[in-house]
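Taken in sequence, the protein lines are chains A and B. Take any residue in the first sequence, count from 1 to its spot, add 1: that is its number in this note's numbering. Take any residue in the second sequence, count from 1 to its spot, add 12: that is its number in this note's numbering.
Derived by calculation from the structure, the hints in this document are not laboratory data. Please note that the accuracy of each hint is not assured.
[To be verified] What follows is a list of derived Cβ distance ranges for each label pair:
hint	chain 1	residue 1	chain 2	residue 2	range
1	A	G116	B	P29	32 to 38 Å
2	A	E316	B	A48	33 to 39 Å
3	A	G50	B	E20	52 to 58 Å
4	B	S99	A	E251	44 to 50 Å
[What the hints assert, rightly or not] Think about it this way: if two alpha-carbon atoms lie no more than 16 Å apart in a straight line, the pair counts; the simulated EDC-like pairs of lysine to aspartate or glutamate are:
hint	chain 1	residue 1	chain 2	residue 2
5	B	K15	B	E34
6	A	K147	A	E214
7	A	K173	A	E204
8	A	K133	A	E108
9	B	K51	A	E77
10	A	K12	A	D46
11	A	K85	B	E59
12	A	K85	B	E81
13	A	K151	A	D213
[As the list claims (entries may be wrong)] In silico negatives: residues of chain B with every beta carbon more than 12 Å from chain A:
hint	residue
14	M13
15	P29
16	G35
17	S47
18	I71
19	C76
20	E81
21	P87
22	S90
Here the structure is a predicted model, which means the values were calculated and not measured. Note that the Cβ used here is the ideal one computed from N, Cα and C, for glycine as well.
Residues per chain are reported as follows:
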Amino acid sequence: MKQRLFVGTRKGLFTYENHGSQDLPRWVLAHKDFLSVPISAVLHDRRDGSLYAALDHGHFGNKLHASRDGGVSWTEIAVPAYPKGEEDADTDDKDRAPALKAIWSLEAGGADEEGLLWCGTLPGGLFRSSDKGTSWELVESLWNSKSRPKWFGGGADVPAIHSICVHPENAKKIVLGVSCGGVQVSEDGGESWRVSSTGMLAEYMPPDRADDEDVQDPHLIVQCRSRPEHFWCQHHNGIWRSRDGARTWERIEKAGPSTFGFAVAVHPLDPDTAWFVPAIKDEARYPVDGQVVVTRTRDGGGSFDVLREGLPQDEAYDLTFRHALDIDESGKQLAFGSTTGNLWITADQGDAWVNLSHHLPPVYVVRFA
Amino acid sequence: MAKVHFTENLQRHLACPPQEVEGGTLRAVLNQAFSASEKLRGYILDEQGRLRQHIVVFIDGEACQDRVELSDAVPEDSQVHVMQALSGG
């Protein structure tokens, strides 16, 4: 099957295919699905080739669709649902009981966990399916953890799980990123959880609570596939990395024009190489000087290249959301999309970028398969 | 019999033709309408059984009041319209 690039947008799912090679790619728009419906998450399950797309119908709620034939046809499957009256046992107040607000992350379980899927949601529930999305159950151990009552929304009214990193060699080790609930780690397949944001700092908190691990706002956390003890995090207040399995986090003080942003990608084979799409920090959220750039480190954050070739350098106001940057399995190709509907791709790790479209709807998620 | 109509904008996601049902509370009326398609329930109500935030139901032209318990009365021969609220865009 041809290499594919899935682009989930404000107005549907766009699928590109590589009609060239890895070294000389030629990307062509091949499919358009769910036109007019916002796509909040996309998963390609490498274990069986299944595709999953999360649709946010707005008025009609969030739905999940699956394709078992490579995207030719899609079928609506079960959607995570919060238990009846979960939070109102004492008050019997049905108006306060939680309900699914959005699906923000979808990940496959381990290679030895056939059919197991994880789903991160707003308002902060993690869900587990053991049957390819036919049914879902809330992970009560996290929902009832001591940490969760301290969480709050970041850019939303309620907390959100946006990052789910499943250890590629030991799928019982799971690392979550929560806005704003820090880094949550399980070593036992989700049976128990501990917060693990040591080293992170929250400048949006009073000074004496800036290091509170339960209220950190990691925007995205990614894990190096071949060296899974290495993580990178684009945080609300900068860039952090971990070299010890997400136990502790080291701050990267300088990274080109800004350390603020949402997206991060790490090379699948080299844990010291990572990419970011920076913006002026939180009060503005557009590229510094109106110039779209990608920053890349090859030395673990010691220095950064500022990559500009092929990207607009004048009056550009593109913002890249957290799931809108991805790297392929080879580590050569990256792609990212923007709020302005631009989609760029590189075949040389970001030295030069090619625009695939200037006119897509706002891009929410980009995924290679 | 009361008649339940669903917004045309929902028809492109799943079939939901108008249905004739017995009067009662709004919840009883909607439950009858959902009996033909359980999937339809999840497009109108959340998992707690409340009306979705940006769904509005009119009973003989008046917006329903109880969006949680759905206790509004639906007389026999009523026209019930399940609509998108413009608050949701």
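Handout entry: Distance restraint between K15 of chain B and E34 of chain B, which requires alpha-carbon spacing of 16 Å or less
Key = This hinted pair holds, its Cα atoms lying about 8 Å apart.
Problem - 16 Å Cα cutoff - pair K133 of chain A, E108 of chain A - result: holds (11 Å)
Problem - Outside-interface status for P87 of chain B - nearest CB in chain A farther than 12 Å - result: The assertion about P87 of chain B holds, with a minimum of 25 Å to chain A.
Exercise for the section: With respect to the beta-carbon atoms only, verify the hint that G116 of chain A and P29 of chain B lie 32 to 38 Å apart. Expected result: holds (35 Å)
Exercise for the section: Using the Cβ atoms, figure out if S99 of chain B sits within 44 to 50 Å of E251 of chain A. Expected result: Roughly 45 Å apart at Cβ, these two residues keep to the hinted range, so it holds.
Exercise for the section: Given the hint that K147 of chain A pairs with E214 of chain A, test it: the Cα-Cα distance must not exceed 16 Å. Expected result: holds (12 Å)
Problem - Minimum Cβ distance from P29 of chain B to chain A greater than 12 Å, as the annotation requires - result: holds (17 Å)
Problem - Nearest-CB test (12 Å) between chain A and M13 of chain B - result: Non-interface label stands for M13 of chain B: nearest chain A Cβ at 26 Å, farther than 12 Å.
Handout entry: E81 of chain B and chain A, when compared Cβ to Cβ, separated by more than 12 Å
Key = violated (7 Å)
Handout entry: Restraint status (C-alpha distance of K85 of chain A to E59 of chain B at most 16 Å)
Key = This hinted pair holds, its Cα atoms lying about 7 Å apart.
Problem - Outcome for the supplied range 52 to 58 Å, where the beta carbon pair is G50 of chain A and E20 of chain B - result: violated (36 Å)
Handout entry: Distance restraint between K12 of chain A and D46 of chain A, which requires alpha-carbon spacing of 16 Å or less
Key = violated (23 Å)
Checked against the numbered hints given earlier, this structure breaks hints 2, 3, 7, 10 and 20; the rest are met.
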